[in-house]
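These are the residues of each chain, in order.
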Amino acid sequence: MTKLLRHAAALVVMASALIACAEGAERRVVVFDFTPRQAKGYEWVGPALAEYVIALLRGAEGFSAVERAVVVRRLARLGYPPYTASPLEVKDRIREELGAGVIVEGDYDADRSSLRFRGSIIDMETGELVSNLQFRLSPFTVFDAQRELRSRLEKELGRKLKNDMRELLGTGSKEAYTEFCMGRALYESGSGAEAGASLEKAAGADPSYVAPLLLLGRINLEETRFETALKHLQKAVGEAPENPEAHFLLGYTMFFLRVLDGAQEHLRAAVRLKGAEPDYHYVSGMVHFENGELESALGEFRRVVELDPGFAEGWYKIAVVHSHRMEEEGVRSALEKAIETGGKDVQVRLEKDRDFDWLRDRTWFKALMRRRLR
Amino acid sequence: MTRAALAAALAAAVVAFGAVGCARRDEARGAPGRGLPAGGLTLSQEILGKISARVLDGVPQTPRLRQARESGVLHVALSPSEPPFQYVDGDTGAPAGFNVDLAGEIARILGVKSNVTIGGRDDASGESADVYFAGAGEDACAGGEGTPYFYSGRGKGWRRICAGGGDEGVAEAVGRVLDYLNETGIYARLYRRYFHEAGEHI
Numbered sequence: 001m002t003k004l005l006r007h008a009a010a011l012v013v014m015a016s017a018l019i020a021c022a023e024g025a026e027r028r029v030v031v032f033d034f035t036p037r038q039a040k041g042y043e044w045v046g047p048a049l050a051e052y053v054i055a056l057l058r059g060a061e062g063f064s065a066v067e068r069a070v071v072v073r074r075l076a077r078l079g080y081p082p083y084t085a086s087p088l089e090v091k092d093r094i095r096e097e098l099g100a101g102v103i104v105e106g107d108y109d110a111d112r113s114s115l116r117f118r119g120s121i122i123d124m125e126t127g128e129l130v131s132n133l134q135f136r137l138s139p140f141t142v143f144d145a146q147r148e149l150r151s152r153l154e155k156e157l158g159r160k161l162k163n164d165m166r167e168l169l170g171t172g173s174k175e176a177y178t179e180f181c182m183g184r185a186l187y188e189s190g191s192g193a194e195a196g197a198s199l200e201k202a203a204g205a206d207p208s209y210v211a212p213l214l215l216l217g218r219i220n221l222e223e224t225r226f227e228t229a230l231k232h233l234q235k236a237v238g239e240a241p242e243n244p245e246a247h248f249l250l251g252y253t254m255f256f257l258r259v260l261d262g263a264q265e266h267l268r269a270a271v272r273l274k275g276a277e278p279d280y281h282y283v284s285g286m287v288h289f290e291n292g293e294l295e296s297a298l299g300e301f302r303r304v305v306e307l308d309p310g311f312a313e314g315w316y317k318i319a320v321v322h323s324h325r326m327e328e329e330g331v332r333s334a335l336e337k338a339i340e341t342g343g344k345d346v347q348v349r350l351e352k353d354r355d356f357d358w359l360r361d362r363t364w365f366k367a368l369m370r371r372r373l374r
Numbered sequence: 001m002t003r004a005a006l007a008a009a010l011a012a013a014v015v016a017f018g019a020v021g022c023a024r025r026d027e028a029r030g031a032p033g034r035g036l037p038a039g040g041l042t043l044s045q046e047i048l049g050k051i052s053a054r055v056l057d058g059v060p061q062t063p064r065l066r067q068a069r070e071s072g073v074l075h076v077a078l079s080p081s082e083p084p085f086q087y088v089d090g091d092t093g094a095p096a097g098f099n100v101d102l103a104g105e106i107a108r109i110l111g112v113k114s115n116v117t118i119g120g121r122d123d124a125s126g127e128s129a130d131v132y133f134a135g136a137g138e139d140a141c142a143g144g145e146g147t148p149y150f151y152s153g154r155g156k157g158w159r160r161i162c163a164g165g166g167d168e169g170v171a172e173a174v175g176r177v178l179d180y181l182n183e184t185g186i187y188a189r190l191y192r193r194y195f196h197e198a199g200e201h202i
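The listed protein sequences derive, respectively, from chains A and B.
Be aware that the first sequence starts at 1, since it is given in my numbering, and climbs by one per residue.
Be aware that the second sequence starts at 1, since it is given in my numbering, and climbs by one per residue.
Read the hints as simulated data drawn from the structure, not as lab findings.
Quick caveat: nothing in here was measured; it's all calculated off a predicted structure.
Heads up, the beta-carbon is just placed ideally off N, CA and C, and yes, glycines get one too.
Be careful, since some hints might not be right.
[Claimed, not checked] In the EDC-like style, the derived pairs of lysine to aspartate or glutamate whose C-alpha atoms are separated by at most 20 Å in a straight line are: (1) B:50 - A:227; (2) B:50 - A:222; (3) A:235 - A:222; (4) A:344 - B:70; (5) A:231 - B:183; (6) B:113 - A:290; (7) A:174 - A:164; (8) A:352 - B:183; (9) B:113 - A:293; (10) B:50 - A:194; (11) B:113 - A:351; (12) B:113 - A:357; (13) B:113 - A:355; (14) B:50 - A:223; (15) B:50 - A:188.
[What the hints assert, rightly or not] Across the chosen pairs, the derived CB separations fall in these ranges: (16) B:137 - A:295: 35 to 43 Å; (17) B:168 - A:371: 31 to 39 Å; (18) B:193 - A:265: 13 to 21 Å; (19) A:295 - B:157: 37 to 45 Å; (20) B:148 - A:265: 32 to 40 Å; (21) B:189 - A:144: 47 to 55 Å.
Next up, chain B with everything else stripped away, as it sits in the complex (with noise of 0.2 Å):
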């Protein structure tokens, strides 16, 4: 094909698609198209794909793991309120405290949304839960010793996240959050905003 054949080619294909193929100015930058569903097609998804398999790298692909991933929910049963672990925000009517953030860390490096339940204790040992919150003092966790993450000073010991069903997948990959957010400083964050702030001290 000669070139000026090309370009009368590129002319005709230029007048065909300025029908379909055309985009309005405010579409053009960045504008994704149709189809966008959740797993991998935006930055921010694809860094925190990244994140999760770098944190999670190794972790047994448990029947209750994978089902609370490919479910997108990962249920948190938390004690009675007990501020400022766990409560019931005036304002907002939502769960908060510091194991509400806590355990929306490990929602989120499993890629999952946290539904947290407050006093959804004996829910969990029930079995319901994924992950279930044991305060300092209580019996250990049902089918396993739990991962440790809060010491109280005031001798009652540790404070455990527990696997619902002392799941191992699950038990694993709450350990490999919480030596995420130990390493990255950001229980530390997590910490001072709630006991520091408050005076607390464990």
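Chain A on its own, in the form it takes in the complex (with noise of 0.2 Å):
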């Protein structure tokens, strides 16, 4: 009866899978690093399963899992830096600004000998706790985890989700993946210094892993060593010539360094591959606006704003363009959206922008600034 019941289950999952997707519609997950307790030494396993588990979800038809450098990013921002708990309530916020109806947390236990996982996805729509994903390696590695995470889900999903390491992780090397993952942790703690010796030797192990690559630009770029983070990132381009991430920050490395038109070719190559990140196309606007190409940086910013409205900074750029050219419809309309989006923040900015100046008498204007916002 049971195992009727599991295909019964299995079998309803896949219909309503099928059901939401029709006409392109995707579940949509966050799945949180798995915070280290008791692990000393072993934070860099968190971060792995949970990209792992991610992988699986973006190569599973019917979902989409947000990018963990987003969830990451947007946790800090909450005060919640990596390998430090965050409640739920800040996970179910984070969720629900990203437009998901799925989370995936937990943490766990390791050492030497042995490694207690305790995860779970929750339905945060419902409340419901979908499944427990809780089990104990002794000993362990880090892929046996991985394997023993992909097991279960396939168990609860009931299908067979992907299994090829090159393919889910970027690399096929063992050795290559742990030392990268054990930068990665380096410098998300912040020692990015000591982390560069990790990520070296994944990029010696494994010369095709564009991911130590990319660390390796970020990390020097970051730290202004702007020569050899364009060393690492060319070689990341040379690798991976379709990775969106190796152009964009090829090209911002290219923008810091005043060479616009090189900055300005990879842009064009991040946004050609990735055309839904508006960060890309902002900095894209940014490298036009500064070469006096008003049109095209135009052009730019309303991509931005196109792809996520919520954007403040998007707007008052569109604003900033449309009053260098003296459109004051344009800034009108462009400065209504951005203090609607960035409030009083951008309220404060306007005050001191002399790029407004000849608008300042303006009626609408003066009710703009008059407007009471938080």
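Please dock the two separately framed chains into a single complex, following the hints provided.
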């Protein structure tokens, strides 16, 4: 009977997946890093398991999972840096902001002999615990734990999930992946300098593995060692010419170095490969703006707010471009949106921004400045 | 809960969140959802924030510097047109030149937008500008020595960047950004762009 029920449930899942995904809709999931509790020296395991679940869900028809970087950034902004626990209500807020219905979260204890993992899939709309993903492995490797997670997800979803390490994680080398995860944990814990050695080992173990090259590039960019950043990022683009983040980081580095033509070339590539990323359009717009190419800049900023109407800075930049072209109606409508999405911060900025001085005597501008905002 | 019950619960949840947790396929890839004001929610903002924090580490947060950062605008006053240092671009009508780009770099690291006024030097010494550029041979900055950034080989001495009101925080920030521009070679690139190509010498 149990077996029968399981098969029936699986059929319902598959059927509902088909219904839910009609017209291109997908079930959107936010996977939070699993938090290390008693896991000194194994902090890197949590993100490794989370990104594996994300990769599995992204590869499963009918699901989409938010990128780990987006989730980590939002948590940090709310005061919860990586590797620290965050309350469920914070996770729910992020889930809601990201337009998802379900979260996957949990924690673990680990030492050299065992891993005790406690994870959950929760439907936050109903508050229902969809699934417990608890297990203990002794001894363990991160790959054993990933295999265990995949097996449990397959059972819960009633179907096979992808199982190609290179496809899911970007490398087929266990050594390269482990070193990368260790380096990433050091970087995300604020030890960027120490992360370099692990990341170099990862890149050495699998020269085609792009993730360590990207992180090495980013660390050097943030440390303002631009030439070294360029070296890593150019290598990343060479290895993976279809990787949008590699082009974006390379373009952004060139932007800092004031190599605007090179920056634009790589930002264009990033936009071509991942046109739905507002940040890529935003930086591309900035480069056009600094080059004096107002029409192109305007096009990029418009695309930013099409993709994310809540991107206040995008609206503000549209207003600035219109102001430079003395297009009052364009300024007015963009500022309305900037204030609607950015609130009082935008008003404060407008008070000082001389780009709008020519409009300060207009009734609509005064009304905008008088509007009471949070 | 048995596995079958879990699976059934999952199925129920799938149906439930089919309505609320679905995204169109084209929205699903990296779409950050609503509410993305400036300040660290995108990769570019995060990287810029880290560069800024690194360059400005330990700079005193004086009221003027804080106000500039909070308002998101840095007022920069430049002397009257003096190509290639500062001039109005004939095509775009916007301020351009070596000093304008330098002001842009300072603003970028502060995480703000630069508002440049050419010919606003008098206004600057009247305290309204956050930063003003003093030409070689001009009076020293009001309320401080300013940061020398360009030596004129024609015997006129150093050009300086001055902090409005002699503000210690702004002055320190300017000094730090100039160090950063020198160390990274960005200053040299700017210099070559405006002077080397023009056959200018200092």
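**Q.** Whether the CB-CB distance between residue 137 of chain B and residue 295 of chain A falls inside 35 to 43 Å
**A.** holds, 41 Å
Q) Regarding the pair residue 50 of chain B and residue 222 of chain A, is the alpha-carbon distance no greater than 20 Å? A) Answer holds: residue 50 of chain B to residue 222 of chain A is near 6 Å, not above 20 Å.
Q: Take a quick look at whether residue 50 of chain B and residue 188 of chain A sit within 20 Å of each other, Cα to Cα.
A: holds, 12 Å
Q) Are residue 113 of chain B and residue 357 of chain A close enough, with their CA atoms no more than 20 Å apart? A) holds, 15 Å
Q) Keeping to a limit of 20 Å between CA atoms, is the pair of residue 113 of chain B and residue 290 of chain A held or broken? A) Judged against 20 Å, a Cα distance of about 12 Å means the pair holds.
Q. Is it true that the CA of residue 113 of chain B sits at most 20 Å from the CA of residue 355 of chain A?
A. holds, 10 Å
Q: Measure nothing beyond the straight line between the CA atoms of residue 50 of chain B and residue 227 of chain A; if it is 20 Å or shorter, mark the hint as holding.
A: Holds, at about 17 Å.
**Q.** Proposed proximity, residue 164 of chain A with residue 174 of chain A (alpha carbon, max 20 Å)
**A.** holds, 12 Å
(Q) Check whether the Cα positions of residue 344 of chain A and residue 70 of chain B lie no farther apart than 20 Å. (A) Holds, at roughly 11 Å.
Q | Cβ separation of residue 168 of chain B and residue 371 of chain A, checked against the hinted range 31 to 39 Å | A | Given range 31 to 39 Å: holds, Cβ gap about 35 Å.
Q.
Checking one constraint from the list: CA of residue 50 of chain B to CA of residue 223 of chain A, max 20 Å. Satisfied?
A. holds, 8 Å
(Q) For a C-alpha distance cap of 20 Å, please report whether residue 113 of chain B and residue 293 of chain A respect it. (A) holds, 17 Å
Checked against the numbered hints listed earlier, the structure breaks hint 8 alone; every other hint is satisfied.
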